[in-house]
Amino acid sequence: MAIDSKVVAQVAHLACLQVDDNETAALSERLNDILAMVDQLQQADVEGVAPLAHPLDVSQPLRDDQVTEPDVRERVMPIAPAIEEGCFLVPRVIE
Amino acid sequence: MHTKTLTELRAGLAAREFSSRELTEHFLRRIRQFDGELNSLITVTEEQALAQADAADATLARGEGGLLTGLPVAHKDIFCTEGVRTSCGSRMLDNFIAPYTATVVEKMAAQGAVMLGKTNMDEFAMGSSNETSFYGPVKNPWDQERVPGGSSGGAAATLAARLTPAATGTDTGGSIRQPAALNGVTGLKPTYGRVSRWGMIAFASSLDQAGPMGLSAADCALMLGAMAGHDDKDSTSLDEPVGDYLNDLNQNLEGLRIGVPEEFFPDTLDGAIAESSREALRELEKQGAKLVPLSLPSIKLSVPAYYVIAPAEASSNLSRFDGVRYGHRCDDPVDLLDLYKRSRSEGFGEEVKRRILVGTYALSAGYYDAYYRRAQQVRRLIRDDFARAFAEVDVIMGPTSPETAFKIGAKVDDPINMYMADVFTIAVNLAGLPALSMPSGFVNGLPVGTQVIGNYFQEGRILNVAHRYQLATDWHQRIPGAFA
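Protein chains in written order, with full-length UniProt numbering: chain P, 1 to 95; chain L, 1 to 484.
What the hints contain is simulated information worked out from the structure, not anything from laboratory work.
Hints may be right or wrong, so weigh each one.
Unchecked claim - Here are the simulated distance ranges between beta carbons:
no.: 1; chain 1: P; residue 1: 85; chain 2: L; residue 2: 17; range: 54 to 60 Å
no.: 2; chain 1: P; residue 1: 79; chain 2: L; residue 2: 15; range: 40 to 46 Å
no.: 3; chain 1: P; residue 1: 47; chain 2: L; residue 2: 279; range: 37 to 43 Å
no.: 4; chain 1: L; residue 1: 8; chain 2: P; residue 2: 9; range: 54 to 60 Å
no.: 5; chain 1: P; residue 1: 43; chain 2: L; residue 2: 252; range: 40 to 46 Å
no.: 6; chain 1: P; residue 1: 59; chain 2: L; residue 2: 335; range: 38 to 44 Å
no.: 7; chain 1: L; residue 1: 1; chain 2: P; residue 2: 85; range: 52 to 58 Å
no.: 8; chain 1: L; residue 1: 59; chain 2: P; residue 2: 9; range: 45 to 51 Å
C-beta: ideal position from N, C-alpha, C; glycine also.
Given the sequences, and given the hints that come with them, work out the whole structure.
Encoded structure:
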């Protein structure tokens with residue numbers, strides 16, 4: 001399952017990263033090196049082994065449904081790159 | 001004052017031998033004098049530090065105070081600090097003034113700590129050499145042509161150079177312990193869930209854990225007491241009582257069972273590094289510990305498992321950096337997708353982009369079972385190996401890193417070789433266990449560290465082992481010549 005330039009471009013699109021055409025060859029080589037190392041995992045006998053997502057097998061605890069978050073608009077809006085009338089500005093999405 | 005440990009400085013403040021302002025000014029002066037070269041701090045918060053020092057002096061004058069009142073500390077630039085730039089070593093957050101403060105920072109401040117500044121680090125904690133930082137590499141105080149390790153390399157270097165008596169770090173695959181080893185300082189990665197991750201910029205959420213870095217195990221015990229505890233704001237922080245780490249330090253080691261896994265001493269390991277850790281084991285044997293040879297067969301797969309799980313989680317965590325609400329935004333985006341793509345590509349460095357791509361690939365349709373699911377299954381095998389071992393032993397020991405500090409630039413074109421720097425530390429993160437690195441000697445003038453791994457929530461025990469070792473040795477007291 002080697003990665004070629006086409007796969008790099010596809011994955012980069014999924015990850016919302018811009019990869020220039022002149023970078024994809026070198027990048028696919030690097031990614032293949034990493035995947036070759038990772039492929040050692042195929043040696044492991046994992047038959048019947050449950051995946052471990054949390055080291056202590058703890059699941060997400062529930063808490064009472066209470067309001068805990070204060071209104072932080074005044075604090076978080078000013079650090080945005082572009083705002084107007086309390087909204088984050090992005091390029092026009094709907095023509 | 002800078003040659004004293006945090007524990008000694010605390011006693012000095014209590015005895016009014018010096019004030020917190022004098023102490024803080026002393027370290028700020030040293031930062032001005034030395035850090036231009038070393039590059040261990042991204043931001044110095046002089047004004048705030050002096051204000052906190054004055055407040056601490058007032059508290060001490062009333063005969064009051066907490067665990068850290070008046071003591072300077074440098075925080076890794078991964079912890080959000082309200083009103084202060086929190087860059088995470090990235091161009092993406094070069095302009096990010098955090099709107100809130102991380103729990104770790106808040107808890108230490110509540111105990112009276114004085115923040116000197118924010119330490120340099122690998123970008124988003126992804127690296128083992130500090131060379132991926134947007135702010136340039138940190139130099140190793142023992143040899144300035146060499147790396148300090150990473151990702152908490154700024155923290156380790158600033159401690160080794162005695163520019164701060166205490167620092168915080170984070171450890172996802174060895175990022176506290178490996179730089180601690182390479183700089184001759186002591187660093188502890190607590191049990192996963194022991195310390196709140198709230199306000200700590202996420203890399204791989206199921207592995208990330210914050211911990212103390214200091215000049216001795218006793219200093220780390222003092223800091224951990226202030227950092228640890230359940231936090232309602234972090235659903236993965238565990239509601240376990242915080243130990244009395246200072247009180248645990250002095251227990252004798254009679255009957256301590258130390259597991260020595262053959263996998264930590266492979267034939268390929270540098271003989272001098274192996275000998276340094278073996279010598280540490282002999283010292284502990286003299287104090288009554290018993291060595292138990294054992295095997296952890298699955299840990300040979302910890303690096304490959306890590307390089308699926310960590311990038312997968314990173315690709316998800318770092319999707320929040322989109323150029324819309326905070327952080328870097330590209331100029332003149334033509335449309336929304338262009339805004340996302342260019343902001344992210346300009347904001348992230350090479351290694352971060354590489355890991356996002358690996359993670360995205362591993363999670364993409366068709367590959368999930370082969371990579372992510374399998375890596376999580378191997379993760380359980382690794383954890384089970386440790387569980388079996390801890391049925392027989394109290395701690396497990398071996399070298400922290402297979403090598404001493406390498407030359408800046410030596411591995412930048414060889415990511416796989418760089419990844420192997422964490423071959424002895426990564427398994428601990430996958431299993432979620434606590435582990436500490438302590439200085440255990442020098443090879444060719446460069447520090448070597450030995451790792452002490454404990455069972456879940458046994459931070460007190462591993463700090464105790466390291467403290468007893470440090471009572472009998474002086475490796476942790478050595479200061480690099482240029483910074484004496």
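The hints, checked one at a time:
The supplied range of 54 to 60 Å is met by residue 85 of chain P and residue 17 of chain L, whose beta-carbon atoms lie about 57 Å from each other. A hinted range of 40 to 46 Å holds for the C-beta pair residue 79 of chain P and residue 15 of chain L, which are about 44 Å apart. Hint check: residue 47 of chain P to residue 279 of chain L, Cβ distance near 42 Å, so the stated range 37 to 43 Å holds. The hinted window of 54 to 60 Å between residue 8 of chain L and residue 9 of chain P holds, with their beta carbons roughly 58 Å apart.
For residue 43 of chain P and residue 252 of chain L, the hinted distance range of 40 to 46 Å is satisfied, since their beta carbons lie about 43 Å from each other. Range check, residue 59 of chain P to residue 335 of chain L: about 41 Å between beta-carbon atoms, so the 38 to 44 Å window is met. Distance hint for residue 1 of chain L and residue 85 of chain P: a CB-CB separation of about 53 Å, consistent with the stated range 52 to 58 Å. Here the CB-CB span from residue 59 of chain L to residue 9 of chain P is close to 59 Å, at odds with the stated 45 to 51 Å.
Hint compliance for this structure: hint 8 alone is broken.
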